[in-house]
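Hey, can you work out the whole structure from these sequences and the hints?
Residue numbers (the numbering used here), protein chains in the order written: chain A, 1 to 361; chain B, 1 to 182; chain C, 1 to 143.
Just so you know, these hints were derived from the structure itself, not from any lab. Since we're looking at a predicted model, the values are computed, not measured. Every residue, glycine too, gets a C-beta built ideally from N, C-alpha and C. Be careful, since some hints might not be right.
[To be verified] Simulated DEER-style distance windows between Cβ atoms:
| no. | chain 1 | residue 1 | chain 2 | residue 2 | range |
| --- | --- | --- | --- | --- | --- |
| 1 | A | A85 | C | L140 | 39 to 45 Å |
| 2 | A | S243 | C | T114 | 36 to 42 Å |
| 3 | A | K57 | C | L20 | 32 to 38 Å |
| 4 | C | G17 | A | R83 | 46 to 52 Å |
| 5 | A | K57 | C | G62 | 54 to 60 Å |
| 6 | C | I43 | B | S21 | 56 to 62 Å |
| 7 | B | S122 | A | N82 | 53 to 59 Å |
| 8 | A | K57 | C | E139 | 33 to 39 Å |
[To be verified] Just a sample of chain A residues kept apart from chain C, beta carbon distances all over 12 Å, derived:
| no. | residue |
| --- | --- |
| 9 | I25 |
| 10 | V96 |
| 11 | P119 |
| 12 | Y201 |
| 13 | D202 |
| 14 | E244 |
| 15 | L329 |
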Amino acid sequence: MITELYLPPFLYDIFKSAVATIIAIVFTLLNVIIFIYAERKVWARSMQRMGPTYVGKWGSLQLIADLIKLLSKEIIVPSKANRVAFLLLPILVAIVSLMIAIILPYDYVVFYTLQIFQPLIPSVSYLTKFVVSNSFTAGLFIIYVVLGLNPVLILLTGWVSNNKYTVVGGFRAAAQLLSFEIPLLVVIASVVVLTNSLNLYDIVNMQQKVWFVIVAPLAFILFLITTLAEGERTPFDIPDAESEIIAGWNTEYSAAPYALLLMGMYARAFFSATLIAILFFGGWLGPTLPGFLAPFSGPFWLMLKTYFFMILFIVIRAAFPRYRIDQLLSLNWTKLLPLSIVNLILVVIAKYIVLSLGLIS
Amino acid sequence: MGINNIFQDLRIKIVDPKKLSFVDKLLVWSRRNSLWLLVFGIKCCAIEDLMVPGASNYDFERFGVLPRNSPRQCDLMIITGPITHKMSQPLRTLYEQMAEPKYVIATGECSICGGPWKGMYSVLDGADQVIPVDVYIPGCPPKPESLIEGIIKLEEKILKGEVRRKFLPPTGLPQLKTDWRC
Amino acid sequence: MSRVREIFNAVYRIIYGSLLATYAATKYLFLRRPTIEYPTQTIQFTERYRGALEVDDNLCVGCGICAKVCPNTCIFMVPYEKGNPAMIPEIDLQHCMYCGLCVDYCPPGAIYHTHVVKIVGFKRSDLYLSQEKVTNVQELEYK
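In structure tokens:
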């Protein structure tokens, strides 16, 4: 095993970031598969159906079969579409979505889970130095800068397909995502007001004594609603409303490009679940697990909270009907935006109270 | 009998599924187990025969059959109801919009042969006059068990490699009747 | 004051409605599922369920009434064996709409519905029940 790497500092940094990036992306892809499988199972159960059962035990290999089939199918490029842009945009959407995986503490989750084997292989502890996600001083800011590229890419995806349904879906997506970014960023600002930091690790460590969901409950509710809209989840899945515009902005995509688009959409929803856990529910903070599982307790609590919100997203999809586009925009501009500004004022008041009680430092 | 004969020559027939290479086995396995469904529901069978197996009593998502809306993302088209001359053009368009490999199931007597409307001025003699059909399920309407049996039979057919056709014939599909007006 | 009450009612309705919907969706996650897992489980058909038609060649007198009453003309009378003047029905299942008129009209009750729903064809000719097939529909195997 490697115990020490004798490399010049800049090469060492590049090596470190590359390892962490690959680990984070693989972890995200694995979780996207778990997310889609959980969605199909839970959604089926909420309709009293079985969901996939025949492929593997409890249908666990269903998503693998879907993935192989999608990758092996014929890629159709419509004759009226711009060929280069049509094939390039799904890759861009996937890259933009996966870039966020590096900032979120997934490398922390993987490397600290491996610490369970420290009694057997002592050199595993060296891996904790490979965590790079704690070095982003403005991590929360970068996440929303990268997510801000998404409306443009989605609008272009609809535009280059040159189909009326994709264009309508692209316009809807652009209108929805751009307008919902404003209350979302105001809510994020309220969290930043509480912590004075944009680093996700600082934000979690500020919640040692009290979770921010107790300090700012309104912020949590607004964040939940706006992230659902940003991730195009039901009840805000207007851009790919199946009963109105066939499949929205990804109508013309088949096979592998469609798999990339689908992966991007579910990755964004998964990142939203992790962000809720980090910003409002204390991230990896929780009671330490007993015995040899002690180094696993941080990742365990983080992923438990993440999966809880993942399941909540799916249950919300099963429970709620879809908004109309005009209802959605009026909800945003007349209700969520004023509420988010009220929330900002409330958080400033709450911060003084919490500071005087000594709950955050 | 219809258009199926044109495709007969193009089918790659693998007699023994055990002789497939590993990659082919993986492909066949994945194609069998994730048939995404495009519903081409024309008449009453669409409610009686296609919605019931999708609902909780006979849930065809157990086999990985997932209804999708865009034909680009679908593998399996289920046709119900009689194909009129006017409807034959949308049917052919939707079939050509699906990505290869693609499979077609015709359910109910109307889509197999025209049913009670057979011989009428506006009704075609079955869906296989327009597009190739892989599995025929008789009934009026078929029981939901029949449709699931049809999907299982289609999976067996995919396993044998009988429906692994790649391209349309170079001459193209036969011309449709355009003067459907009477 | 009524304006305040209106806003309060609206907020109450939103919260109550969302919680109710989420509860309803969550409740169904834990209820028993009524799914019949078809290839391993089957339901009990009702006694008079109209499945595929079968002909009992011991009872059939070859009168041909079934072929005459069939609204879709899917029943054809053919000689029972070669050189035999007696006739027996053959059924084209691709036309049959399971109306049951032939069963009602058959004088000796030789043609009747079975509970077979498994008949599936890869070709149209698979659905034509010749006299060997139509006399034992229940044992048919389609490969």
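Results for each hint:
no.: 1; hint: A/A85 / C/L140: 39 to 45 Å; result: 55 Å, violated
no.: 2; hint: A/S243 / C/T114: 36 to 42 Å; result: 40 Å, holds
no.: 3; hint: A/K57 / C/L20: 32 to 38 Å; result: 35 Å, holds
no.: 4; hint: C/G17 / A/R83: 46 to 52 Å; result: 47 Å, holds
no.: 5; hint: A/K57 / C/G62: 54 to 60 Å; result: 56 Å, holds
no.: 6; hint: C/I43 / B/S21: 56 to 62 Å; result: 41 Å, violated
no.: 7; hint: B/S122 / A/N82: 53 to 59 Å; result: 40 Å, violated
no.: 8; hint: A/K57 / C/E139: 33 to 39 Å; result: 34 Å, holds
no.: 9; hint: I25; result: 31 Å, holds
no.: 10; hint: V96; result: 31 Å, holds
no.: 11; hint: P119; result: 39 Å, holds
no.: 12; hint: Y201; result: 32 Å, holds
no.: 13; hint: D202; result: 33 Å, holds
no.: 14; hint: E244; result: 21 Å, holds
no.: 15; hint: L329; result: 18 Å, holds
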